[in-house]
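S.K.: Let the sequences and hints guide you as you build the complete structure.
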Amino acid sequence: MSGFCGWIATAPQPEAEHALRQMADALPAYGDVQNATAEQEWFGLASRARKSNGAWFQDERICATLEGYPAWSDPELASFAKEHGQGAALTKAYRQHGKGLLERLHGPVSFAVIDLENRTALAAIDRAGIQTLSYAETSDGLVFGATADSVRAHPAVTATIHPQSLYDFFYFVDRIPAPHSIYQEQKKLVPGEYLTFANGRVEVARYWQMPYRDNVAGDPETLKRELLEHLRAAVAPVAAHPNLGAYLSGGLDSSTVVALLSEQRSSPLKTFTIAFDDPRFDESPYADLIAKRFATDHDNYTVQPERVEEIIVRIAQAYDEPFGNSSAIPTYLCALRATEAGVAMMAAGDGGDEFFAGNARYLEDQVFDHYARVPGVLRKGLIEPGLAVAPFGDRITLLRRARKYVQLASMSVAERFVRNNIFIERDYREIFSPDAAAMIDPQGPLRFVEAMYETPASQDKLHRLFYVDQRLTLADSDLRKVCRMCDLADVEVRFPFLDEALMDFSARIPPKLMLKDGRLRAFYKEALAGVLPRETLEKSKHGFGLPYVRFLKESPMLRDLARSSLEELKDDGLFRADFLDRLAQRLDSASNGQEDSAIWDFLVIRQWFGSRQGFTFA
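Using the numbering used here, the first residue of the sequence shown is number 2, and each one after it goes up by one.
Check each hint, because a few of them may be wrong.
[As the list claims (entries may be wrong)] Cross-link-like lysine-lysine pairs, in silico, DSSO-like; alpha carbons within 30 Å at most:
| id | residue 1 | residue 2 |
| --- | --- | --- |
| 1 | K462 | K526 |
| 2 | K271 | K526 |
| 3 | K513 | K554 |
| 4 | K52 | K405 |
| 5 | K540 | K293 |
| 6 | K405 | K513 |
| 7 | K293 | K225 |
| 8 | K271 | K540 |
| 9 | K100 | K83 |
| 10 | K540 | K526 |
| 11 | K554 | K571 |
| 12 | K52 | K83 |
| 13 | K293 | K100 |
| 14 | K462 | K517 |
Hints in this document: simulated from the structure, not taken from any laboratory.
M.R.: The following block contains the structure:
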């Protein structure tokens with residue numbers, strides 16, 4: 002993704018051309034891109050996109066741009082797109098249906114339309130949130146762009162970093178979730194949203210969300226067959242690419258993608274795996290198993306700290322907002338090796354966990370349902386008071402675990418979902434400076450997640466957990482990680498698990514089947530039993546991680562970079578100097594706790610700050 006940007010106002014702007022040029026220059030330019038611009042005194046639109054997935058259209062009435070891989074459910078529009086191009090099809094759809102075109106446009110796509118006759122604008126991102134769009138309201142208009150950098154480049158948009166956004170970054174571990182932004186002046190669209198500008202007003206609304214509903218039912222064997230049909234259909238558009246490669250971590254989802262792609266290709270699929278010397282993170286034996294089973298052209302690369310030293314600063318600075326997910330490192334290295342091997346498009350397995358019950362928290366949270374069934378009079382009148390006053394409770398293992406269980410069971414589901422962050426060990430006032438802490442609402446992120454948890458129409462807890470994960474884990478973290486790292490490596494990426502028909506189908510699977518007999522991915526694994534080897538189906542979940550705490554402490558260069566980053570952050574006045582000193586001391590210890598993990602995020606923030614100019618702190 003390189004993207005597009007633009008602005009629209011109710012009155013003529015004196016430096017319209019200059020504003021658009023600044024915004025377009027701030028867009029990333031990865032690979033072979035083509036540029037297009039249009040501006041008048043009251044609007045500007047620019048596109049910087051790959052020839053393979055960008056589109057542009059302009060006439061006397063409409064200016065429109067599109068990026069991604071669109072699919073039209075309207076046969077007339079699909080046929081028109083084949084004959085005249087996607088930009089022309091988007092324009093035709095807008096003229097016929099207005100914002101109703103969103104019901105007909107599908108796939109991983111974002112777009113913007115400027116209506117020159119009515120002086121209005123319409124922009125949107127896809128249903129899964131693969132594409133991104135940031136925007137800012139000005140005194141008389143709207144500024145928008147694929148990146149926060151392009152939006153803040155407009156002269157009417159200031160760039161203020163509020164302590165709340167940094168608190169949110171740490172609260173959500175390594176990202177700032179949409180619709181919030183690192184900049185106080187900006188917001189981001191969430192998956193399935195669009196925005197309009199008309200008569201000086203900006204409106205944001207949702208055009209789609211996961212169709213979860215209560216009491217779904219179906220014959221398990223029929224659903225299993227349908228799942229395989231949907232999976233094969235989802236990989237088909239990707240399988241035809243002549244220079245295709247695939248991520249292969251060795252996990253269930255990447256193995257599925259590789260297996261089904263291999264079915265549909267006449268030549269061996271190129272697959273790429275990152276290995277680690279640390280067995281807690283290394284899944285490469287399982288990747289090797291899949292590569293051998295499906296006869297792929299396999300590349301297995303072991304990451305050493307020295308390689309991380311070479312690229313960590315570049316990766317930290319590549320994102321338009323601070324982003325601390327350390328698995329961006331192996332993601333980038335896989336993509337880079339694919340590019341060097343002549344691959345032009347990568348297939349990734351992201352999304353399977355969030356749609357088909359692959360995250361451990363789905364099972365872990367069920368244990369707290371038992372406590373909720375205990376009558377309140379017993380919970381509040383006997384159990385909790387008794388545990389609170391029990392002698393030696395902190396030294397007796399059973400009592401300590403009971404207290405912990407009751408504490409967690411007393412939390413809301415949403416609070417349990419997001420509690421594993423640095424604020425478990427430290428009050429935020431021990432981390433942020435007094436001035437910064439005074440500007441922070443510590444309960445704001447929790448209210449945000451609780452509202453998100455209540456969004457689905459279904460009352461089923463599993464559906465609601467899926468939805469929160471689809472927003473926070475998938476759209477705000479995993480997709481941002483993979484898309485930007487593939488951009489940086491100059492390779493396109495597709496996500497078969499985010500095929501819309503497959504997403505819709507997942508909502509029709511009864512939740513009780515998803516975790517049948519207390520097993521993660523139970524239904525999914527049964528459906529794939531004839532496709533994947535038993536070892537893959539039965540393996541424990543690793544995740545695509547990086548032993549970054551060990552790397553930080555064992556690599557002199559990374560340790561020095563972390564130490565200097567912590568020291569430099571003192572100058573910003575956002576964090577307490579004594580807390581930063583405490584983190585620096587932990588670099589010389591063998592500890593591996595929540596605060597040690599946070600050192601990576603502080604390093605990322607400092608390197609990101611250093612790569613941006615012209616912002617201010619609130």
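S.K.: Check each numbered hint from earlier against the structure, then list the numbers of those it violates in ascending order.
M.R.: 3, 4 and 13
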